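Take the sequence shown: its letter number 139 is residue 139 in my numbering, and every next letter is one higher.
Simulated from the structure, these hints should not be mistaken for lab results.
There's no promise every hint is true.
Said to hold, decoys possible - The calculated lysine-lysine pairs, modelled on DSSO-like cross-linking and capped at a C-alpha distance of 27 Å, are:
#	residue 1	residue 2
1	Lys-165	Lys-46
2	Lys-69	Lys-165
3	Lys-85	Lys-65
As the structure is a prediction and not an experimental result, all values here were calculated from the model.
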Amino acid sequence: MIVFHTGFSEIPSPDIHVGRANADFGQGFYLATDEDFSRRWAAERKGETTFLNRYALSTEGLAVKRFVKNKEWFDYISDNRAGRKDRFPEFDVIIGPIAPDTLYDTWGMLTSGLVDVETVLRVMMLGPVYEQVVIKRERAVDALSFIDARPLSHEEIAAFGNTVKAEEAAFQEAFANIVAGRIDDE
Numbered sequence: 001m002i003v004f005h006t007g008f009s010e011i012p013s014p015d016i017h018v019g020r021a022n023a024d025f026g027q028g029f030y031l032a033t034d035e036d037f038s039r040r041w042a043a044e045r046k047g048e049t050t051f052l053n054r055y056a057l058s059t060e061g062l063a064v065k066r067f068v069k070n071k072e073w074f075d076y077i078s079d080n081r082a083g084r085k086d087r088f089p090e091f092d093v094i095i096g097p098i099a100p101d102t103l104y105d106t107w108g109m110l111t112s113g114l115v116d117v118e119t120v121l122r123v124m125m126l127g128p129v130y131e132q133v134v135i136k137r138e139r140a141v142d143a144l145s146f147i148d149a150r151p152l153s154h155e156e157i158a159a160f161g162n163t164v165k166a167e168e169a170a171f172q173e174a175f176a177n178i179v180a181g182r183i184d185d186e
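Could you put together the complete structure from these sequences and hints?
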C-alpha cells in the first residue's frame, strides 16, 4: 500500500512517539492513503519547506485493526481524544476513517445532554470518507519503506487549502441542520 505524510521535513525514518497522543487513533505516525487528502493537511511556516513524504507499507505479518464509520470507531476516537488508555494496544497498524474536526463540539453537546448518541453518529457520518493509517508499533515502522519526499509549492498548498475550506463549510451547514433538527424534536 502506498501512503503519504505531509510535514515540514523529509521523514525517511518516522518516530511513532512524536506527535499528539490524543489524536484520532492515539499515539503513532499518521499517514493518508489518498495523496490529495494528504496535501490538504499541508501548512506553511516562514522559512520552512513543506514536504509530501511517500512510503510503501507492507502489512503482511502485522496485527492490523480496520475501522469503518460506526459506533466502535466513534468510541475509539472519543476515548483517544479524551486521553484514555488505548483499548487496542495489541495492533501494529490501525486503519480507518478520519473523524470530522467537529468531534469536540459534538462530544460536548452529547455530554451536556443537548443531543443523543444517535445524533452524534449521524454527524460523524457526514462528508466524504478519507482513510488514515496509523503506525502504532516499532515492528510496523520496520514495514514502512520511505520512497521519496517532494516539496510542495505555495500555490499547491493554497489551492488545497481552498478545497478544505469549501468542504468544511459544507460540513458545518450539514452539521447545523442535523443538530437543529434534533434539538427541535425535543
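Hint numbers not upheld by this structure, sorted from lowest to highest: none
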